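Undergrad: Could you build all of it, start to finish, from the sequences and the hints given here?
Residue strings, one per chain:
Number of protein chains: 2
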Amino acid sequence: MTEIPTPGSPETGGIANPPVIILIEPQLGDNIGKAARAMLNCGLVELRLVRPRDGWPNERATANASGADIVIDNATVFETEREALADLNRVYVTTARTRDAVKVTFTPRSLAPEMRALAARGEKIGVMFGPERTGVRNEHVAMADAVVTVPLNPGFTSLNLAQAVLLIGYEWWQAGDNTPDYQIKMADNTPASHDELERMFVHLETELDNSGFFRVEAKRPSLEHNIRNIFNRAGLTHEEVNTIRGMIAAMRGAKHKPGTK
Amino acid sequence: MTEIPTPGSPETGGIANPPVIILIEPQLGDNIGKAARAMLNCGLVELRLVRPRDGWPNERATANASGADIVIDNATVFETEREALADLNRVYVTTARTRDAVKVTFTPRSLAPEMRALAARGEKIGVMFGPERTGVRNEHVAMADAVVTVPLNPGFTSLNLAQAVLLIGYEWWQAGDNTPDYQIKMADNTPASHDELERMFVHLETELDNSGFFRVEAKRPSLEHNIRNIFNRAGLTHEEVNTIRGMIAAMRGAKHKPGTK
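Heads up: the sequence lines are chains F and H, in that order. Just so we're aligned: the first sequence equals residues 0 to 260 in numbering that gives the first Met the number 0. Just so we're aligned: the second sequence equals residues 0 to 260 in numbering that gives the first Met the number 0.
Everything labelled a hint here was simulated from the structure, so no lab data went into it. Every value quoted in this text rests on a predicted model; they were computed, and no experiment measured them. Check each hint, because a few of them may be wrong.
Note that the list lumps identical chains together, so a pair holds whenever it fits in one copy or between two copies.
Keeping only pairs whose Cα atoms sit at most 30 Å apart, straight-line, the calculated DSS-like set for lysine-lysine is [what the hints assert, rightly or not]:
hint	residue 1	residue 2
1	K184	K102
2	K102	K123
3	K184	K123
TA: Below you can see the structure in the form of structure tokens.
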């Protein structure tokens with residue numbers, strides 16, 4: 000058995016008690032394995048199976064987990080929902096359609112911060128998923144504190160089990176993730192300074208002038224603005240400025256030495 | 000061939016030109032089918048395949064699409080990336096790891112509003128996904144306007160192809176979805192009024208009093224507050240208030256008539 004991740008371990012993104020995933024009567028081992036893989040993608044490590052159709056362990060599950068062995072090896076099997084939920088403080092249930100029960104319905108996105116807040120105060124949380132074809136039954140809704148439904152194309156809401164697990168896990172992970180919305184990868188490059196850009200533009204404009212590009216003097220200012228807009232939009236690096244100056248020089252039959260004016 | 004969804008059709012959530020999904024050298028038909036299913040879940044209907052390993056059409060793809068026939072039947076096959084991207088105005092590429100290219104990197108969540116804004120002004124957008132095992136190559140990054148990377152457990156980022164397609168589609172759909180974060184399903188029930196609740200509490204407190212529950216008079220106020228907190232947190236309905244009053248009456252050997260004081 001793979002070692003169980005210690006509380007707050009890197010596998011869980013440093014969270015001591017990430018939500019437990021409970022699959023009720025899962026059928027295909029493929030789906031269990033893919034769900035396990037999706038769980039580990041999102042820092043979820045504890046999988047519970049209630050009456051898995053094909054027994055446990057399941058070769059297809061292991062094969063489809065694609066390396067998420069820690070989840071598969073530590074998965075536990077229960078005969079009843081009651082036992083599977085016994086130690087949990089808070090239980091949510093995923094449903095595709097509206098239920099008759101009077102109950103709060105979250106989206107995965109709005110549920111994630113609630114689960115983060117509960118986990119932070121030490122509560123043990125579980126999210127239940129029903130059998131592939133039929134989904135959860137009303138008795139499962141009655142066991143849960145609240146319902147989660149993924150907003151999707153109303154014309155085609157049939158979501159694969161592993162996909163449903165992924166979306167809950169994805170939102171859980173995002174709620175604790177600090178990745179900037181928008182990053183500009185520079186690799187080993189350095190951003191160009193405005194002075195470098197200015198000198199590049201003067202170089203370009205001079206050579207365009209020398210080539211007779213500005214035929215109508217009245218149009219020169221707007222053409223120059225357009226050209227500057229194109230290159231400024233690209234967010235050039237120091238290295239790219241040199242490449243462009245080399246291109247200009249080459250096209251004009253000259254040679255550009257990096258660093259020269 | 001299934002009829003192609005008309006611009007702005009219900010399948011696409013009313014959007015005339017949702018993003019096209021481009022799979023480069025996809026291998027398993029299973030994954031192509033599951034990607035198609037995930038696409039339709041999210042209102043994406045146009046799938047393009049560049050050099051699919053096992054040819055096209057592909058039985059496994061159809062079987063795994065689970066009814067997303069509209070996507071499978073209209074999928075188109077291309078010999079080169081250049082042809083697959085020819086009519087697109089804006090192209091994004093998904094990568095799991097950081098690239099050397101100097102390029103903007105979005106998260107799926109930050110990309111979605113950008114794609115919505117571009118679609119709204121009539122641009123045709125595509126998102127490219129690389130082969131299952133190797134991901135996209137540097138040449139694909141160079142073809143794209145920007146990169147998308149899903150923030151996930153850094154210890155286990157290996158995402159299944161269909162799962163990656165789902166996450167891009169999911170965020171696309173959410174960016175145009177108006178589902179409230181938090182809904183309280185009432186079915187046919189009506190919420191209780193505070194007057195009803197007050198009468199229920201008086202009923203309960205009276206019967207608790209009659210049963211000798213408040214042994215220490217000094218503790219009565221805090222006990223009464225605790226009890227009220229429990230029931231107020233539950234957001235009771237009119238029907239549930241009657242159920243609870245019936246329970247109180249039954250336990251005290253009386254009969255509660257709904258609507259009575």
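Undergrad: Hint by hint, work out which the structure violates, then give me just those numbers in ascending order.
TA: none
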